[in-house]
Amino acid sequence: MENVVELKNVTKKFNGFSVNNIDFKVKKGFVTGFIGANGAGKSTTIKMMMNLLKPDEGEVNLFGLDYKTHEKEIKERIGFVYDGNVFFEGLNLKDIKRIVAPAYKQWDDQLFNHYIEKFDLPLNKAMKKFSKGMQMKASLAIALSHHAELIIMDEPTAGLDPIFRRELLDLLRELMIDGSRTIFFSTHITTDLDRIADYIAFMQEGELVFNQSTEEVAENYAIVKGDLELLDSDTEKSFVNIRRASTGFEALTDNSKKVNDIFGDSVLIERATLEDIMYYLNGGINHV
Amino acid sequence: MFNLIRRDVILQKRMLLLLIPFILFFVLMGSHPALIVLAVSIYIPFNAFYYDEKAETNILLNSLPYTRKEIIASRYLGAIVYMLLAVGLTCLFLLAFNKSFSLTEIAIGSGLFLLFAALTFPIFYIFKPGHLTTIVIIIFLAFAIVGQLAIRSIDELLPAVTDFMQNTSNTVLYTGGAAIIITAYLLSWVASTAIYLRKDF
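Quick mapping for you: the protein sequence lines, in order, are chains A and B. Numbering-wise (the UniProt record's numbering), the first sequence opens with residue 1 and increments by one. Numbering-wise (the UniProt record's numbering), the second sequence opens with residue 1 and increments by one.
These aren't lab readings, by the way, just hints derived from the structure by calculation. Each hint should be verified, as a subset may be incorrect.
Unchecked claim - Pairs of lysine to aspartate or glutamate residues, derived as EDC-like cross-links and limited to a Cα-Cα distance of at most 20 Å, are as follows:
hint : chain 1 : residue 1 : chain 2 : residue 2
1    : B       : 54        : A       : 76
2    : A       : 94        : B       : 56
3    : B       : 54        : A       : 95
Only chain A is shown next, with the shape it has when bound in the complex (with noise of 0.2 Å):
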């Protein structure tokens, strides 16, 4: 399977943060999920895809090219959204399109006004008065006008009420209907992941847990509770993390069939959300 992003041992540091030798890759024609705490490092290791940020070491390649000898080609490709306005608020959308249209060689003013259509938009006002969901889909309207391959937004449901946060979802499922795009998108709100994502990549504290397919996610991660006296040295391995009440233990597992076989009919075993495993993970490091 083709891979559009491959960061391979990327390190980057800063005053007391640092981002770990992350080695991960985005697979072509997928929506891939980005998620972790606040502070986990997904900003800056988007920042690094996005050549914002040069890694310390590592290396960063975007259709496998590198920045150094074809930035430009790779930006051609690519479509991005931010978090907040990266926009000159005080300009109007149809400034903006002045100044961002000739960046592109493929920019397409049909597309850009059929979404301006769509979503509503008017081309007159200052971005600055423009709503939080109006700016973000300003700025989803810019990035989808030039046929990019790559989608990569950053925290693009953040601060957005639950039905445009829908409707974004729904949008992204539309265009992935042809199968050459890609999107990658940053989140911390797990339940838009469960309705779009293929692909869901984990990060905390700096380091890239885990980079799996929703499927591989349902099948190795669980929630299991039963009684404590099961718990001991050796079953305890099992688990990632473990929560003790006095009427049992709930505990978190990536390994599920390992904790069946073990385990077998005395514990109860559940799905775990993506919200369960960020929890458990977290307090796991906590724990040691």
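On the provided structure of chain A, position chain B as indicated by the hints.
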């Protein structure tokens, strides 16, 4: 590249309209033509830094298919383009109001602008976004101090300068001056590019 230069016109539409009364004011005040050219040339490129120093602008420009070298090049080439525009407008207004001026005066004004740009542009790229006020204060203080020193020592300097001027032919003086300014401008361009290439956004 051309698009990057053109963006200043789109961004500064309203400011550009103010440019006309701005020139008019200087012309009617009877300011020295070299000073008018200098002030008017500074107008657009330095207004542009108001946008350029914002983190969002840098994230936007660097996410678009431009290289960092092009972004800096557009600033340096753009400054020349807008300077020529300023020179044109100034000459036009001077002619319209029957004020006398010479090509030498215009050349001195342009030269001073290029020198000023060469000295100040890299400062804008050294600082992290959001420090525009600090930068402006630093530039202002630097020039105030240099100006003070120059005025204080003008009595000692003046004879030496006039001596030098008299003993050097005009051609040598002008080509020498032009060479110094062009070198300074190019060095400044190289320095800004080197700084910008290392930045994180």
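Hints, one by one, checked against the model:
1. Distance restraint check for residue 54 of chain B and residue 76 of chain A: the Cα-Cα separation of roughly 23 Å exceeds the 20 Å cut-off, and the hinted pair is therefore not satisfied.
2. Under the criterion of a C-alpha separation no larger than 20 Å, the hint pairing residue 94 of chain A with residue 56 of chain B is consistent with the structure, at around 19 Å.
3. Taking the CA atoms of residue 54 of chain B and residue 95 of chain A, the gap is near 18 Å; set against the 20 Å cutoff, the hint holds.
Consistency note: the structure conflicts with earlier hint 1 alone.
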